[in-house]
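Chain H is fixed; fit chain A onto it per the hints.
Protein chains in written order, with my numbering: chain H, 3 to 355; chain A, 3 to 355.
Simulated restraints on C-beta separations:
no.	chain 1	residue 1	chain 2	residue 2	range
1	H	S311	A	T146	20 to 28 Å
2	H	E54	A	R278	49 to 57 Å
3	H	K335	A	R50	53 to 61 Å
4	A	L275	H	R126	53 to 61 Å
5	A	R278	H	G213	46 to 54 Å
6	H	R126	A	N132	45 to 53 Å
7	H	T9	A	T146	46 to 54 Å
8	A	T127	H	K331	51 to 59 Å
9	H	R278	A	N204	45 to 53 Å
10	H	Y59	A	R278	40 to 48 Å
11	H	R278	A	K10	47 to 55 Å
It should be emphasised that the hints constitute simulated quantities derived from the structure, not laboratory data.
Idealized CB from N, CA, C, for every residue including glycine.
Number of protein chains: 2
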Amino acid sequence: MIFKKNTKAKIAIDVMGGDNDPEACIDGINRMLKLFPAVECLLYGDERKIKEVLQKYPKISNKVKIFHTESKISSREKPSIALRNSKNTSMRMAIEAVKHGEADAVVSSGNTGALMAVSRVVLRTLPNINRPAIVAMVPTIKGTPVALVDAGANAECNEQTLFDFAVMGDAFAKIVFNLEKPRIALLNIGIEEVKGTEFIKNAMLKLKEAGGLLNLHGYVEGDGIVDGSVDVVVTDGFTGNVALKTIEGTAKLCEHYFKMSFSKSIFSKLGYLLARSSLKSTFKKIDYKSYNGAMFVGLNGVVVKSHGSADGKAFFYALNTAIDLVESKINDKITEELNSFEQIAKREIKPTE
Amino acid sequence: MIFKKNTKAKIAIDVMGGDNDPEACIDGINRMLKLFPAVECLLYGDERKIKEVLQKYPKISNKVKIFHTESKISSREKPSIALRNSKNTSMRMAIEAVKHGEADAVVSSGNTGALMAVSRVVLRTLPNINRPAIVAMVPTIKGTPVALVDAGANAECNEQTLFDFAVMGDAFAKIVFNLEKPRIALLNIGIEEVKGTEFIKNAMLKLKEAGGLLNLHGYVEGDGIVDGSVDVVVTDGFTGNVALKTIEGTAKLCEHYFKMSFSKSIFSKLGYLLARSSLKSTFKKIDYKSYNGAMFVGLNGVVVKSHGSADGKAFFYALNTAIDLVESKINDKITEELNSFEQIAKREIKPTE
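Just chain H, same shape as in the assembly (with noise of 0.2 Å):
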């Protein structure tokens, strides 16, 4: 994917979802704003407190328009409660805003089940699909990224849900990857036939039934996320979400240990001097914060979803996805996808009708 300095993407931002929100996102912003000055942020939240903040970035006060509300969707809220209550939240104007044509896509840090119960109401979701997915982007041993989904959408799913999950992981990996023919793969607790809970094995069952159409790789088991045999992860929302943080708690735990190793004598401290320079550039590699932003797809509108804790640096990349989806039209292809598997479904279930 190309970035463009005169990208023009319209970005609606939920500036109270996060826990370090407003400063995190106002710090990303201006990050993002020093790569893309042309995109206009539209931010929802408290006015005052927005502008407090945006003193310390005074180079930026005048590029952003805020839309103020004081209400906000605590991370506490179970997602059915929140949406009933979401008039006028900031998670909710910030939606609203792309389902009015106002802003290109959304971003924000928020409470993840309200996120995807809003814009589901709001945004609707693309036809022929019936609950969109989380897709994280996640880097493997061989250089190239995985997309996982669902990382945390749906906790629970059926097999046609697995499914689905299925189509649209493959349209986003034609698109984002660029890949022809992503390899698919369904998450499992051993790569042999007998191995998985019947749902498992019945989701693989109906996988086949699209013959062709997908480029079937069959199980992985977690390790398999990582190694760069496949393109597309996919599983239910609950084992997904736990996968993709259990990878981000491992990838900390090994910088930690790294780290460490070079603080224990005169000689690794001398060493680390040494190989500084293209070892920040590994930390920066294994640092989630550098994959934060993760998709909701199936949606009718790009959104995208930033860790709750993440800081200026993580809600920068989650701005810089935002774009990067926007610039690459992800929905207008995905449904072009979709289409066409449809057709190609029709035409391949013709002879035997």
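Only chain A this time, still in chain H's reference frame:
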């Protein structure tokens, strides 16, 4: 835990279980016997193949006893079918050695489901335990290990099963980690009370009913497994297995990135040379092989499952785990713990009766 040079443990070994067996097993035994020369090894498998490999290890040939069988359980076999056809297989014979008191523990790199099914039938479960579980030990950022229960024995669980896992994990951590009040957490997709499936919420209610008997921390997300905030993470076997393999895969990914970064320039290569010794100990720390050997808890006997893909070094660690568990009389102590738990529970309930 203390390793003793003169430990007299007798270990029954299924030498036909793993992908690299019998080579990996025998290489692992060779490494182990250098540390524990008094350990007795009972080898179950194809005598001809074993003797062929043993030619490379002349020093240990007279230290192992071979029990010949040509039949083995395939890693592709469904547990129920494997159990039915398990008679005279290397795995079953090794487990039976524990049942008959000929060995103190059994180690196998074979089919996890089959190892659990056969162990359950041959050894039976401990009193009050319905479904045994796999406990995997994982390193954390604070340097202390964490016990993940269940790491893959029971793909489908109910609230009571998770409760039993918590009690067994509690006992395991008290004994193996030497903790008075291990901090117990339930794996979830959020730490707030409203997060997760109905199943997880009900399991949490059940755990809360145990009152002060468990030092209940609440929920952790995937990154909470390795952040050192808790000592025991309870989850179903599907999620636990995915999390464990994801940790392994991510650690490999990070190791790979770091190794790459040292080969980037002459400076980073020099840096590596200087920091080599402390880096090596870090690579070892994050090498999943050092954590090979997961215990099956809840059985009348010590059963250690080694990775299917274990090499000699990894199998060596699995053997160490088995010796360690035998030395610490793990099962006597778990039974004691479970009994006192039962008794305290009865006492606690009495006043309200």
